[in-house]
Each structure stands twice: as structure tokens, then as C-alpha cells.
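Participant: Each chain is listed here by its residues.
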Amino acid sequence: MRILRNISFGQYIPRDSLIHNLDPRIKILSCLAIIVNLFLITKFSGYLILGSFVLISIIISKVHPKFVFRGLRPLLFIIIFTLIIHLFMTEGEVIYQLGFLKITREGLVKGLLISFRLFILILTTSLLTLATSPISLTDGIERLLSVFKFIGIPAHEIAMMMTIALRFIPTLLEETEKIMKAQISRGADFESGNIFNRAKNLIPILIPLFVNAFRRADELAIAMEAKCYRGGEGRTHYRELKIKKTDILTFILTIVITITVSVMF
Amino acid sequence: MFIHLENICFTYSLGMPFETEALKNINLEIDEGEFIGLIGHTGCGKTTLIQHFNGLLTPTSGKIYVEGVDLNKKGVNLRLVRQKIGLVFQYPENQLFEETIYQEVAFGPRKLGLPEGKIEKRVREALKMVDLDYNLYIERSPFSLSGGEMRRVALASILSIRPKMLILDEPTANLDPQGRDSILSEIKKVHYNFGITVVLVSHNMEMVAETVKRLLVMHRGEIILDDTPREIFEKHANDLVKVGLGLPQVTECMHKLKAKGKDVYTGVLTVDDAESEVLKKVKKTIKRQMLKECNL
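Order-wise, the sequence lines are chains V and P. Just so we're aligned, residue 1 is where the first sequence starts under this note's numbering, counting upward by one. Just so we're aligned, residue 1001 is where the second sequence starts under this note's numbering, counting upward by one.
Next comes chain V alone, as it looks inside the complex:
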């Protein structure tokens, strides 16, 4: 059960801050601008500016940095892995040699740049999901996608599926834990044996989980139909998204920073 405790989905942390109160569309677009920018920059100073911009946003959001940096944990391995690959695999001026392995200056620079890139990328997206409730996030996505309705993108349906999926992640996790405990009480063992045995031992968890998930999906569909749900056409929103002055200012600030950074560095 220790496995489950480390996963934090639906990690929204409610606070009253400037970042939290921004329009979700603005937040998503700003994040996109930063992410695109991350792949255009080729100098450290650019990452420094962009990194500090993200860090300042974290401070403004009042979310404890501990939670933001926790998002890094699962990807730390990938970051270190890419760093090492770049260190040893890039041709160029050798600065350190260990047997047949050699570290080059170019490799060091390239590795660090890519590490920074991944680092800031994760921080930005973590901040987005930490400071935006899932509901308003999918709301924002729906509105942004509905721009592409004319080429046949079912914006509302996509957003509804995302909302439902997000809604049921904690439920499924809770249920997995319960079923695990129940099967452990019946004598199942999940913590020993080789990888094949472990995979086989998952059957007593997966089958009840799927059976229950299908049953729940069925019930949800019936409940939605009973409430006359009929898709996105003509559907109004309980909370209308409105662009405020702060939204515009924030967006302009982000765009100015990203454009300057990508032009200068």
C-alpha cells in the first residue's frame, strides 16, 4: 500500500491567490507560451529568466514549493538519465576522462540545458495543475478547443471525458487500496516473488477493479441520461468564464517575457 501513497493525482491545492483566480484559459495559454519558449532558448541566461519567472509565479500562488517540487520526483530519473547520456555521448573538447568514458564541454552544456528545460517544464505544468481546480481546467480546455469546432473537434465531449476521468481517479485509487487489503486478508501476497509472479498476483486486484469500474460507468451513464444529458449542444455553463483586467495584464506580461527571451537568447 506504500505504492499508492506516493501517487498524488487531482493534486489541486485551494488557495486564494492571484494565480488561482486567473482565468483557466489564460493560465493554459501562458503555460503553452512558456513551454514553446523553453524549446527555442539555447542559452543559460534565457533559462535563468524563464526559471525565475516560474519561481516567482510559484511564490505568488501561495502553494508551498514542496508540493510543486514533488512533481519532479517521478521524472528525476529521466532528467538524470538524459544528463548522463549527453555528458558521455557528445563529441567535442574533452574535459575529464575515465577509461573509455569521456566528458566533453559540449556534452556538459547540452546536458545541463536539457535538464533545465525538463526541470522548468515540469514546474510549470505542476503549478498549473496545483493552482487550477480540475473543473475550471477542463472548462478552460473546452473553451480553447471549441475554437477548432469548425474542423470537427468535439470540444465538449473531450472536456466531459476529461472531467469524468479526473473525477474517478481518486475513487479508483481508493478502491484499489480496498481491494488490495481485502485480497491480502484472504492470503494474497503482493510484495514478494519475481516479476512474473508479481504480475500474476495482480489478477485478484485487476478483475474486481474492472468489474466495478464497468458497473460504475454504466450507472453513471444511466444517471446522466436520467438528468437529460444530451451532449454539448445548447448547453449553458453554471460558471461563465470572463476575462478580467488581471487576466489580460498577466497574459501580456507572459507574452512580452517569452518573446523577449526567445529573441534575445
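Careful, some of the hints might be misleading.
Claimed, not checked - Distance condition first, Cα-Cα at most 20 Å in a straight line; then the derived PhoX-like pairs of lysine-lysine:
hint : chain 1 : residue 1 : chain 2 : residue 2
1    : P       : K1281     : P       : K1292
2    : P       : K1074     : P       : K1084
3    : P       : K1284     : P       : K1260
4    : V       : K181      : P       : K1111
5    : V       : K181      : P       : K1084
6    : V       : K181      : V       : K200
7    : P       : K1084     : P       : K1188
8    : P       : K1074     : V       : K200
9    : P       : K1283     : P       : K1258
Calculated directly from the structure, the hints in this document are not laboratory data.
Fit chain P to the supplied structure of chain V, relying on the hints for placement.
Facilitator: Same frame as chain V, but now just chain P:
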């Protein structure tokens, strides 16, 4: 002494912003052969407490001994403990997964590494304990059964590991009256015929009143009452109401009679008890009246 709990405290998500204290300083002793009811309002910590009994949860502080063995000491084989203490979760039918009922009930014994012959014997025995006909049921899929039958199969799949103690979390929740009665009578049978210690977790007063011999009442992570149901319903009716539990309907009825000035015993648990108690009083009054009339 079978299970011994010493100053057990348990906190969910310790050190997180959503930290909640679920158990506060629980001290408890359970002997072999007891029939215990554990009642309390939703969210009072009942389920959390029973998960400590077989080591599914580790207390934040405090000690648990099962047959004298400290569960939290390094190197303790928890699988052996779980074999002694069978825990039946709420809605156990949601954990069924095998293709046939035979395989389902055989899962536990198979995990114990028993030979096939012994496994078959245990499946027969367990199905008999829950009143399911071996030949009729073993080939069927557990998913083709009714809710009550599924629950009995789930119960059998715990009984087949031959636990010394059986803990049941809300075993009658969501069952129709018939399914409820059959599950309850099977639990009683398991206790009286096979001598298995039973802990019944519930918030249904009627059910615990008519079945258990010792009653534990929990409130906000603490055990506030620990006595026979008769004593608790007679003397602590007010405490029960205060923690949002209330009394069994017959007991409440007797308390109301008493409040109206009728001198009745309020520790009744079943309708039959109440009937004989009321009759006794009525007969006395009639007798007195008859004597009066005779004197005239």
C-alpha cells in the same frame, strides 16, 4: 488473551495538510471465544480499528499483540497473523474475481500452499458453513449469483483459511431482509458451532442487540463504552443518543414506558424479551386489581 491493544493511536496522512486523527489511545483486550459487536457512527474509526487487528494498518503509536506476538516487531510473519484473523471487508462481493466459485473459495487455502485434496475438503467445509450446496454451486461463476449469495461466497472464501477469529465489517449492508437474516444466522453458526471468535462491526442497533455478547461503542476514534449490550442499553441510553446512535426500537419503547412512570426493566434486547417483561407487569397489575375486588 487473543488480541491485546495498548495505547493505539492512528493518524491518516501524517504530516500532510489533510492529516486526520482516526484513533485516539485505544486500549482493548479480546479473548478467544468472544462474540463482540463494534458500533459507532459513520467515520468514527471502526474500520480503521479492525484493520489494525491483522496488520493491514500500522499504528502511529502503541502496540498490538496477537497471541502474545507484537505485530510491529521486525520479522513478524504477518501472513500467519492474517491466517488466524479473517477480515471480511464491507461489500466483500466486490473482491470476487475467479471463474468459478470453487476457485474463489480455494484461493485462500491455495495461497497457504495446501495440497489439492485438502483444498477440496476446505472448500466443501466452507461452503457448508454458509449453507451453499457444494455440487450445485462450485462450477458456477461468482458473477452470476444474487447479492446475498455473492456475499456468502465471499464469506466462505475467508472461512476456508480456517481463521480463529472472524471480523466482519457491516456484513448485512445493502442486503434484503432475507439475505440479512441468512448471513446473520450463518455468523451465529460459525460462532456457536465452530467456536470462532467473532467481531461484528455495524451501526445497526437491532442487529448487534440480538446477536452479540459484548458491545464496544466507538465515538470519534475512542472506545467510550465496553460492556454487555443489556447493561449498555439499560444504563447508557443517554450516552448512545448523545453520540448519534440511538437504541434498538424495542429498548427505546421500554425506556419510554419507564419515563411514563411504568416500572419496567429497560435492558431488553429483543421483541420477545420486551413482551414477557410487559406481560409480567400487566399480570401483576391484574392480580392486584383482582385481589382488591376480592377484598370488597
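Participant: Next step is simple, just say for each hint if it's right about the structure.
Facilitator: Structure-based check of all given hints:
A threshold of 20 Å between alpha carbons decides the hint, and for K1281 of chain P with K1292 of chain P the separation of about 17 Å falls inside it, so the pair holds. Simply put, K1074 of chain P and K1084 of chain P have alpha-carbon atoms about 19 Å apart, close enough for the 20 Å limit, and the pair holds. Only pairs whose Cα atoms come within 20 Å are accepted, and K1284 of chain P paired with K1260 of chain P is accepted, the gap being roughly 18 Å. For the suggested pair K181 of chain V and K1111 of chain P, the alpha carbons sit about 15 Å apart, so the restraint of at most 20 Å is met.
Annotation: proposed proximity of K181 of chain V to K1084 of chain P holds, straight-line Cα distance about 16 Å (limit 20 Å). Distance check on the hinted pair: K181 of chain V and K200 of chain V sit about 17 Å apart at the alpha-carbon level, within 20 Å; holds. A distance of roughly 19 Å separates the Cα atoms of K1084 of chain P and K1188 of chain P; the hinted pair therefore holds under the 20 Å criterion. Distance hint between K1074 of chain P and K200 of chain V is unfulfilled; the C-alpha atoms sit about 27 Å from each other, more than 20 Å.
For the hint linking K1283 of chain P to K1258 of chain P, the alpha-carbon distance of about 17 Å falls within 20 Å, and the restraint holds.
Of the numbered hints listed earlier, the single one contradicted by the structure is hint 8.
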